[in-house]
Structure formats: structure tokens, C-alpha cells
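Protein chains in written order, with my numbering: chain Y, 1 to 113; chain E, 114 to 228.
In short, the hints are calculated from the structure, not lab data. Be aware that a few hints might be false.
[Stated by the list, open to error] Here are the simulated lysine to any residue pairs, SDA-like style, with alpha carbons at most 25 Å apart:
no.: 1; chain 1: E; residue 1: 168; chain 2: Y; residue 2: 49
no.: 2; chain 1: Y; residue 1: 112; chain 2: Y; residue 2: 69
no.: 3; chain 1: Y; residue 1: 49; chain 2: Y; residue 2: 113
no.: 4; chain 1: Y; residue 1: 100; chain 2: E; residue 2: 127
no.: 5; chain 1: Y; residue 1: 49; chain 2: E; residue 2: 118
no.: 6; chain 1: Y; residue 1: 100; chain 2: E; residue 2: 211
no.: 7; chain 1: Y; residue 1: 100; chain 2: Y; residue 2: 79
no.: 8; chain 1: Y; residue 1: 112; chain 2: E; residue 2: 188
no.: 9; chain 1: Y; residue 1: 100; chain 2: Y; residue 2: 18
no.: 10; chain 1: E; residue 1: 154; chain 2: Y; residue 2: 97
no.: 11; chain 1: E; residue 1: 154; chain 2: Y; residue 2: 69
no.: 12; chain 1: Y; residue 1: 100; chain 2: E; residue 2: 130
no.: 13; chain 1: E; residue 1: 133; chain 2: Y; residue 2: 9
no.: 14; chain 1: Y; residue 1: 100; chain 2: E; residue 2: 204
no.: 15; chain 1: E; residue 1: 154; chain 2: Y; residue 2: 2
no.: 16; chain 1: Y; residue 1: 100; chain 2: E; residue 2: 188
no.: 17; chain 1: Y; residue 1: 108; chain 2: E; residue 2: 122
no.: 18; chain 1: Y; residue 1: 69; chain 2: Y; residue 2: 110
no.: 19; chain 1: Y; residue 1: 100; chain 2: E; residue 2: 199
[Stated by the list, open to error] Computed from the model, here is a short list of chain E residues facing chain Y with C-beta under 10 Å:
no.: 20; residue: 145
no.: 21; residue: 222
no.: 22; residue: 224
no.: 23; residue: 228
The model shown is predicted, which means the values in this text are computed figures rather than measured ones. Glycine is no exception: its CB is placed at the ideal position from the N, C-alpha and C atoms.
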Amino acid sequence: AQSVTQLDSQVPVFEEAPVELRCNYSSSVSVYLFWYVQYPNQGLQLLLKYLSGSTLVESINGFEAEFNKSQTSFHLRKPSVHISDTAEYFCAVSDRNFNKFYFGSGTKLNVKP
Amino acid sequence: GAVVSQHPSWVICKSGTSVKIECRSLDFQATTMFWYRQFPKQSLMLMATSNEGSKATYEQGVEKDKFLINHASLTLSTLTVTSAHPEDSSFYICSARFPGQGLAFFGQGTRLTVV
Chain Y
1 AQSVTQLDSQ
11 VPVFEEAPVE
21 LRCNYSSSVS
31 VYLFWYVQYP
41 NQGLQLLLKY
51 LSGSTLVESI
61 NGFEAEFNKS
71 QTSFHLRKPS
81 VHISDTAEYF
91 CAVSDRNFNK
101 FYFGSGTKLN
111 VKP
Chain E
114 GAVVSQHPSW
124 VICKSGTSVK
134 IECRSLDFQA
144 TTMFWYRQFP
154 KQSLMLMATS
164 NEGSKATYEQ
174 GVEKDKFLIN
184 HASLTLSTLT
194 VTSAHPEDSS
204 FYICSARFPG
214 QGLAFFGQGT
224 RLTVV
């Protein structure tokens, strides 16, 4: 089985500051890793994913995440956040058959002006 | 990305009644769909895996007679909350697995309030 830990339930940050949202996972098998974003009263949107290849993956809106196998981490980073990045972010893993997705408890990113 | 539509986006029902939530994959065929429940300030909890043409697979602790899942076609899965109670009030989200890639795309969710 897999599990995902997001230690930070809330992260307040000022606009244009850098941010890192932490994600650690545990699994006895190889996994795929994902970050999803949820805006208020909406479903989840895929932000970025790691399936194979380069361990650094990027999204179209400036977020990036790096898969670190030795530390079993997949932290999400952005060098300069905007007010519009305010949302809840979920880290997720699945086995390589995509049979199930396991989600972390989420991190609320609150960007202040 | 692929589009998954969930309907309704919110619903209020009386205690004891049943509510049906639809999940449609609009531009792809999904043999597998997933239903999640999200409590306030918590993460998504997988309720069941819905497979087209066969019975759903429920996670431990989820009452299959209370949460009826039907995946009658490759683009539609439905979740029916039967004899709803206030404790069933929650945010329900479906996802559909994109064929080949295996990625899951999520619907916008349904806010159910049972009064």
C-alpha cells in the first residue's frame, strides 16, 4: 500500500515570495506522483505529474516539483507566487497500474498581498 | 486535458430521500471511474472504483447498499446516496481514468447537504 504525508496544513506567504509545499510518500512498489490543485468549491485539477524521465517536472503556471527517490519526496515549489495561486494543493501517488490514487491531507496556500 | 463533468454541482435534500450524482467523461471513454468523498478540512477518501459493465469495488468501511454505483456506459457512472442522512452531507468527487495513459481527471465535485 501507499501513503502520502503533507506535513503543512496551511502555508501563508506574501505575494511574489517563493514557496515550497512538502510531500513525502511511502510505498513498497514504484509509484507515479502527482500534484493537484483545488480552488474553493471546485474539483481537483492536475497541476503536474512525474511518471518517468527527468525528476524535475514543471507546470504551465510556474510551479515545479522534483522527485527525490532517496528521500521519498515530491516537494512542490514556485519561485514567486501570485494571489491567484491561493488554493489547496494535494499530493497524490498511484501504483504503476493507476489502480488507485492515494492523496495527502492537503496544504492550503494562502497568498497575501 | 480531458474533461469530466459532474452533475449536479450542489444539491440539498431532505433526510430519508435518495440523491443521484452523475459523472461523465465528455471527450474520452473511461472504463474505470472513481468516487471520492471529501470531508471539511480533510483529504479525499476513495469510496469505490467503478468499472464499466461490472460491479463496483468498494473500499473498506463504505456501505455498498447505501452508496449505489452504476457504470452502465463508457462515459457515465452514477452514485446514488440512498436514504440520505445529515451525516452524509459532504463533497463528493468523481474521477475518470484516461485510457492508455492511466491518468485520472476529476469532475468539479458535488456538494451534498442533507437537511
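Hints and how they fare:
1. E:168 <-> Y:49: 30 Å, violated
2. Y:112 <-> Y:69: 33 Å, violated
3. Y:49 <-> Y:113: 29 Å, violated
4. Y:100 <-> E:127: It is violated: about 33 Å lies between the C-alpha atoms, which goes past 25 Å.
5. Y:49 <-> E:118: 22 Å, holds
6. Y:100 <-> E:211: Holds. Residue 100 of chain Y to residue 211 of chain E sits at ~13 Å (cutoff 25 Å).
7. Y:100 <-> Y:79: 31 Å, violated
8. Y:112 <-> E:188: 41 Å, violated
9. Y:100 <-> Y:18: Status violated; Cα separation ~32 Å.
10. E:154 <-> Y:97: Roughly 29 Å between the alpha carbons, so the hint for residue 154 of chain E and residue 97 of chain Y is violated.
11. E:154 <-> Y:69: 29 Å, violated
12. Y:100 <-> E:130: 31 Å, violated
13. E:133 <-> Y:9: 32 Å, violated
14. Y:100 <-> E:204: 19 Å, holds
15. E:154 <-> Y:2: 21 Å, holds
16. Y:100 <-> E:188: Holds, at about 19 Å.
17. Y:108 <-> E:122: 22 Å, holds
18. Y:69 <-> Y:110: Answer violated: residue 69 of chain Y to residue 110 of chain Y is near 29 Å, above 25 Å.
19. Y:100 <-> E:199: 28 Å, violated
20. 145: 8 Å, holds
21. 222: Status holds, d = 4 Å.
22. 224: Hint holds; residue 224 of chain E Cβ to chain Y Cβ min 7 Å, cut 10 Å.
23. 228: 19 Å, violated
In terms of the numbered hints stated before, the structure departs from hints 1, 2, 3, 4, 7, 8, 9, 10, 11, 12, 13, 18, 19 and 23, listed from lowest to highest.
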